[in-house]
Amino acid sequence: EDQVTQSPEALRLQEGESSSLNCSYTVSGLRGLFWYRQDPGKGPEFLFTLYSAGEEKEKERLKATLTKKESFLHITAPKPEDSATYLCAVHKNSGGSNYKLTFGKGTLLTVNP
Amino acid sequence: SAVISQKPSRDICQRGTSLTIQCQVDSQVTMMFWYRQQPGQSLTLIATANQGSEATYESGFVIDKFPISRPNLTFSTLTVSNMSPEDSSIYLCSSSGGGPTQYFGPGTRLLVL
Numbered sequence: 001e002d003q004v005t006q007s008p009e010a011l012r013l014q015e016g017e018s019s020s021l022n023c024s025y026t027v028s029g030l031r032g033l034f035w036y037r038q039d040p041g042k043g044p045e046f047l048f049t050l051y052s053a054g055e056e057k058e059k060e061r062l063k064a065t066l067t068k069k070e071s072f073l074h075i076t077a078p079k080p081e082d083s084a085t086y087l088c089a090v091h092k093n094s095g096g097s098n099y100k101l102t103f104g105k106g107t108l109l110t111v112n113p
Numbered sequence: 001s002a003v004i005s006q007k008p009s010r011d012i013c014q015r016g017t018s019l020t021i022q023c024q025v026d027s028q029v030t031m032m033f034w035y036r037q038q039p040g041q042s043l044t045l046i047a048t049a050n051q052g053s054e055a056t057y058e059s060g061f062v063i064d065k066f067p068i069s070r071p072n073l074t075f076s077t078l079t080v081s082n083m084s085p086e087d088s089s090i091y092l093c094s095s096s097g098g099g100p101t102q103y104f105g106p107g108t109r110l111l112v113l
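Chains as they are written, first to last, in our numbering: chain L, 1 to 113; chain X, 1 to 113.
Honestly, I wouldn't trust all of these hints.
[Stated by the list, open to error] Pairs of lysine-lysine, BS3-like flavour, derived with a Cα cap of 27 Å:
| id | chain 1 | residue 1 | chain 2 | residue 2 |
| --- | --- | --- | --- | --- |
| 1 | X | Lys7 | L | Lys100 |
| 2 | X | Lys7 | L | Lys92 |
| 3 | L | Lys68 | L | Lys105 |
| 4 | X | Lys65 | L | Lys105 |
It is worth saying that the hints were derived from the structure and are not from the lab.
Take these sequences, add in the hints, and give me the full structure.
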C-alpha cells in the first residue's frame with residue numbers, strides 16, 4: 001500500500017533557526033513528489049514538484065530535495081510568516097490519465113519572533 | 001496557475017439534509033478533483049470530475065453519497081447527501097491543466113449537527 005509519512009508532526013522554531021521537514025514515501029513507480037503550504041482556513045498552496053532523485057528546487061527561504069525514499073524541505077533562516085502546515089504528496093504511475101495525489105498528514109511549522 | 005473559488009465557504013447543516021458545493025475555475029482545465037480534509041488526517045481524494053462523463057470515485061466513496069457534476073471545463077459541483085455528523089469536514093476542489101500539478105480552492109468548511 002502506498003504510504004506518505006511526514007515528520008515531525010509539529011515543529012517550533014525561533015526566527016532565524018534553520019531546520020528541515022521530512023517526507024518519506026513507499027510508492028512504486030513515483031512520477032512526482034509535491035510540496036504544498038497550507039495556512040489556517042485556506043486551501044493548499046503549491047510550492048514545488050520534484051520528479052527524480054537528486055533534483056532540488058528553491059523558492060526564497062525554502063529548498064526541496066528528493067531521494068529515492070524521501071524528500072526534505074529545508075527552511076533557511078525562517079521568519080514568522082513561514083508559519084503554516086507543509087504538506088507532501090506523491091503521484092505514482094497508475095496508468096491512463098490518473099493524476100491522483102496521495103498526501104501525508106503534514107507538518108505544522110511555527111516560527112516564533 | 002488557475003484561480004479557484006468555492007461556494008459556500010462554510011455552512012452548518014442539519015443531519016439528513018444535503019449540501020451542494022460549487023467550484024469555479026478562472027480558466028478551462030482538463031481535470032477537476034474533490035478532496036476531503038478531516039482534522040488530523042491527510043487530504044483524501046473523493047473523486048475525479050470528468051467533463052462529459054461520469055466522475056471516477058475512489059475506494060470508500062460512492063456516487064449516491066457524493067454525486068458530482070462537471071457540466072463544462074470551468075465548473076464542478078459536489079453534493080454531500082443525507083449528511084451525518086461524520087461528514088463534518090473541509091471539502092476542497094482542485095484542478096489540473098493537463099499535468100499532475102494540482103491547484104486548490106480555498107475549501108468549504110462543513111459542520112453537520
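Checked hints:
For a cut-off of 27 Å, the pair hint linking Lys7 (chain X) to Lys100 (chain L) stands: about 23 Å separates their Cα positions. A hinted pair counts as satisfied when its Cα atoms are at most 27 Å apart, and Lys7 (chain X) with Lys92 (chain L) does not qualify at roughly 31 Å. At roughly 20 Å between alpha-carbon atoms, Lys68 (chain L) and Lys105 (chain L) fall within 27 Å of each other, so this suggested pair holds. Proposed proximity of Lys65 (chain X) and Lys105 (chain L) is supported: the alpha carbons are some 25 Å apart, at most 27 Å.
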